[in-house]
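Line order of the protein sequences matches chains A and B. In this text, residue positions in the first sequence follow this note's numbering: the first is 1, and each later residue adds one. In this text, residue positions in the second sequence follow this note's numbering: the first is 1, and each later residue adds one.
Quick caveat, the hints were computed from the structure, so don't treat them as lab data. Bear in mind that the values here come from a model prediction, so they are computed numbers and not experimental data. Hints should not be assumed to be uniformly reliable.
Since the list gives no way to pick out one identical chain from another, each pair is judged satisfied if it fits inside one copy or across any two copies.
To be verified - Quick list of in silico lysine-lysine cross-link-like pairs, PhoX-like style, CA-CA up to 25 Å:
hint, residue 1, residue 2
1, Lys-306, Lys-126
2, Lys-320, Lys-126
3, Lys-215, Lys-442
4, Lys-442, Lys-454
2 protein chains.
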Amino acid sequence: MIPEDLIIPLTAIVGSDNALTGENMAPFCRDWRGRYSGTAIAVVFPADTQQVSAVVKLCLANHVAIVPQGGNTSLCGGSVPLENGSKQVVVNLSRMNRIILLDAVNYTMTVEAGCKLADLYEVAEKQNRLFPLGLTAVAPHCEIGGNLSTNAGGIGVLRYGSARNLVLGLEVVLPDGRIWNGLRSLRKDNSGYDLKHLFIGAEGTLGIITAAVLKLHPIHRSVAIACVAVRGPAAAVELLAHLRSNCGDTISAFEIISRSCFDLVFKNIADTDEPFSSKHEWVVITQLEDVSRVLLDTALRDVLNKFGSDIVEFEVTSDKNYAERWWKLRKNISEAQKCEGVSIKHDISVPVSRVAEFITRADAVLHKKFQGIRIVAFGHMGDGNIHYNISMMNTIQNEDFISQHEETVNKLVYTIVSELNGSISAEHGLGQLKRDTIADYKEPLELELMRNIKRTFDPFRLMNPGKVL
Amino acid sequence: MIPEDLIIPLTAIVGSDNALTGENMAPFCRDWRGRYSGTAIAVVFPADTQQVSAVVKLCLANHVAIVPQGGNTSLCGGSVPLENGSKQVVVNLSRMNRIILLDAVNYTMTVEAGCKLADLYEVAEKQNRLFPLGLTAVAPHCEIGGNLSTNAGGIGVLRYGSARNLVLGLEVVLPDGRIWNGLRSLRKDNSGYDLKHLFIGAEGTLGIITAAVLKLHPIHRSVAIACVAVRGPAAAVELLAHLRSNCGDTISAFEIISRSCFDLVFKNIADTDEPFSSKHEWVVITQLEDVSRVLLDTALRDVLNKFGSDIVEFEVTSDKNYAERWWKLRKNISEAQKCEGVSIKHDISVPVSRVAEFITRADAVLHKKFQGIRIVAFGHMGDGNIHYNISMMNTIQNEDFISQHEETVNKLVYTIVSELNGSISAEHGLGQLKRDTIADYKEPLELELMRNIKRTFDPFRLMNPGKVL
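Assemble the whole structure, with the sequences as input and the hints as a guide.
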């Protein structure tokens with residue numbers, strides 16, 4: 001059978017309205033950032049798990065690869081077909097967007113993989129429950145199946161863990177088309193190997209997540225947000241430990257922002273201004289939340305006052321709308337940087353205790369090697385996860401700089417990450433982007449174990465080929 | 001080579017003081033509850049990971065099986081050699097009890113597998129940190145390697161998760177003797193499959209955990225404990241949801257105790273008495289903890305008062321010593337039951353919202369089928385995990401009852417668990433005890449995937465054979 005002959009049986013499974021071919025496939029074959037573009041036989045939109053299973057079985061029988069896709073918001077080219085891969089079918093789960101069950105007493109909801117993250121926030125909130133996976137910017141677009149397949153992170157990880165920690169059960173269509181029903185909603189279950197953790201974060205290379213049981217939390221009634229100018233990253237590291245000791249699990253965000261980020265935001269994003277009357281090199285935004293109606297702002301002020309002189313100045317509010325002015329600065333850094341052209345982006349993590357060391361060392365090495373660069377460092381310091389982006393101040397020189405030196409810059413940054421026992425992909429995954437690079441930074445034995453697992457689950461390598469490994 | 005010839009090279013690896021043979025092996029070949037007894041060529045006590053690796057390689061070369069062992073406190077015969085297995089070596093990790101690193105700022109500690117759980121509590125506390133794996137009764141005996149290999153649960157799971165959730169990284173000696181160094185201390189790392197979750201809860205059947213990076217939490221400064229008489233299990237379920245909504249993550253325990261438990265404890269344990277002036281059928285003990293110095297007892301009283309008439313009466317204290325009187329009742333249930341002879345024990349879980357349904361249905365079916373039985377139901381209701389033990393009131397009839405009806409009782413209980421999408425092993429694991437039974441309650445496809453993983457990691461089935469699968 002030539003690949004195109006698959007279109008008729010595929011259409012028979014999902015219905016003619018739910019299969020795209022030719023130019024109509026374009027939006028589903030190009031990635032979120034516009035850097036990866038691939039080719040496919042068809043893009044199909046199954047209505048339910050049985051249809052996913054039937055599509056997978058059909059593809060397997062014809063040795064055609066499958067690219068599972070949700071909202072297609074991967075930042076690493078993980079959710080689009082390969083450029084040179086003609087024998088691929090995109091299986092987009094967006095139609096599978098039902099809430100199967102919300103059990104408020106069990107603090108769980110069972111949902112299909114195509115549910116949009118923003119919709120899950122809303123459904124939970126209606127029952128006075130919180131689904132705390134904090135990817136607010138992309139939440140209207142991304143889907144929970146993709147969030148789980150990439151073990152999504154975001155703002156709330158230091159309190160709630162990443163996507164992995166919010167799952168109790170999964171339903172997965174395996175590479176041979178069979179359906180594994182692991183949709184349990186149990187807090188404790190020690191009756192064998194925990195299979196769900198293999199599929200979470202596997203970026204669709206071991207099977208297609210079709211439904212999940214998610215953990216919910218109680219909704220918050222109090223909030224306090226602080227904007228804190230600190231002496232530097234080392235002070236920020238100590239401040240976080242101090243806050244955890246004194247505020248415990250109420251801390252739901254701890255983000256660091258360098259001066260360069262502010263400069264970009266003020267220049268390129270309308271209606272933004274300095275959070276303080278004077279300029280500061282390093283600012284932290286931190287947030288406390290609690291289910292009780294307590295005076296979190298008073299508590300937060302006390303704790304900040306006790307920290308000492310490594311805080312230059314700070315402001316605290318319990319008004320979310322007021323604080324939105326600060327969050328706007330944080331949330332628009334990527335957008336502001338885009339206005340200045342491309343940059344060499346890194347999504348790295350190190351132990352929280354070593355974040356300052358990472359920034360100091362990487363800044364020194366890069367500034368020494370490359371004159372006139374701008375380093376934009378910001379992110380989820382509470383998890384040791386820094387977004388660390390490099391470009392030329394001079395936008396005319398920038399494209400040349402990137403085309404000539406991207407590899408060297410990556411190597412300098414990743415070597416430091418590696419020496420600090422960090423990760424070159426903290427939350428975005430590997431996808432196509434870092435599939436080759438990871439081989440230089442992960443032990444051969446670990447890569448071998450990963451390949452063994454891949455072979456066990458997907459011996460014909462038909463599940464999202466060219467991603468991860 | 002005959003098995004006994006292995007003793008010399010084994011001794012060469014670990015030193016003659018650290019290898020036991022003959023009768024000296026007895027305590028390490030018999031399980032915690034005295035129900036399983038096995039035979040081994042030797043019991044060895046390696047000093048470090050290299051020695052573990054060398055022992056495993058030697059055993060592999062000679063087709064001799066390995067039984068990894070920590071404190072040997074398994075309740076399912078998971079940590080002792082098989083009865084009929086002459087070609088087995090017990091690898092006991094108790095000598096590997098070093099704290100490699102405590103990073104208070106990163107809120108982590110890196111420890112060897114043989115560290116006793118109670119020692120970890122202490123080491124963390126000295127740095128104002130909490131290691132919240134709540135197995136207080138067995139903590140002086142059990143070791144962290146075993147806790148992780150069985151994904152231990154205990155009292156604090158509803159707040160902190162089970163052992164699995166307290167791990168950031170692992171070091172594992174694989175079944176071929178190679179050492180996987182996954183000792184990362186990162187909060188975020190999406191750079192490939194998450195291998196650590198395969199080894200956690202695998203009961204030593206995929207490799208030997210030799211070290212781990214554990215998450216720490218800030219130490220608490222406030223506590224409030226309530227003893228609450230409720231109308232029944234259904235009221236307890238609703239009370240838990242109400243408490244979570246109003247007290248959030250401060251809830252660190254929620255345990256339910258049936259009347260039969262109290263009767264046994266008062267009869268058999270010295271210096272215990274009714275928590276209230278009148279007798280109640282169902283009592284809950286719940287605990288709030290917070291890092292701040294807040295009036296948790298006042299808050300808890302308010303929340304309990306608002307719950308309404310399904311609470312018969314309650315008492316709250318913030319004095320841990322005073323509350324110890326209540327905790328003593330909970331902690332001595334197993335001991336008290338032992339005084340009355342053996343019983344048919346179950347360690348089951350269902351969704352929290354269905355705990356009352358489980359108890360009501362199981363009680364009804366069992367009382368109808370068997371006259372004169374005593375049902376002892378208690379446990380971690382906050383996680384949907386009930387210990388549900390059955391015996392005859394009349395101790396003379398009891399042994400006959402158990403020998404004749406254990407299988408029927410198990411079947412009746414597990415059928416209800418299964419219908420409620422629960423687990424027949426919530427926290428104790430499978431070990432030898434439930435290895436065969438699980439086949440009746442887990443989907444064949446899931447068992448097949450487990451066997452495939454086992455085959456991939458341990459093709460010669462030499463790692464803790466006869467356990468789990």
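Within, between, both or neither: Lys-320, Lys-126 at alpha-carbon 25 Å: Classified as within: same-chain Cα gap 19 Å, cross-chain 38 Å, threshold 25 Å.
Identical-chain pair category, Lys-442 with Lys-454, by Cα at 25 Å: both (17 Å within a copy, 23 Å between copies)
Homo-oligomer pair classification [Lys-126, Lys-306; C-alpha up to 25 Å]: between (39 Å within a copy, 22 Å between copies)
Homo-oligomer pair classification [Lys-442, Lys-215; C-alpha up to 25 Å]: between (31 Å within a copy, 22 Å between copies)
Of the hints listed earlier, there is not a single one the structure fails to meet.
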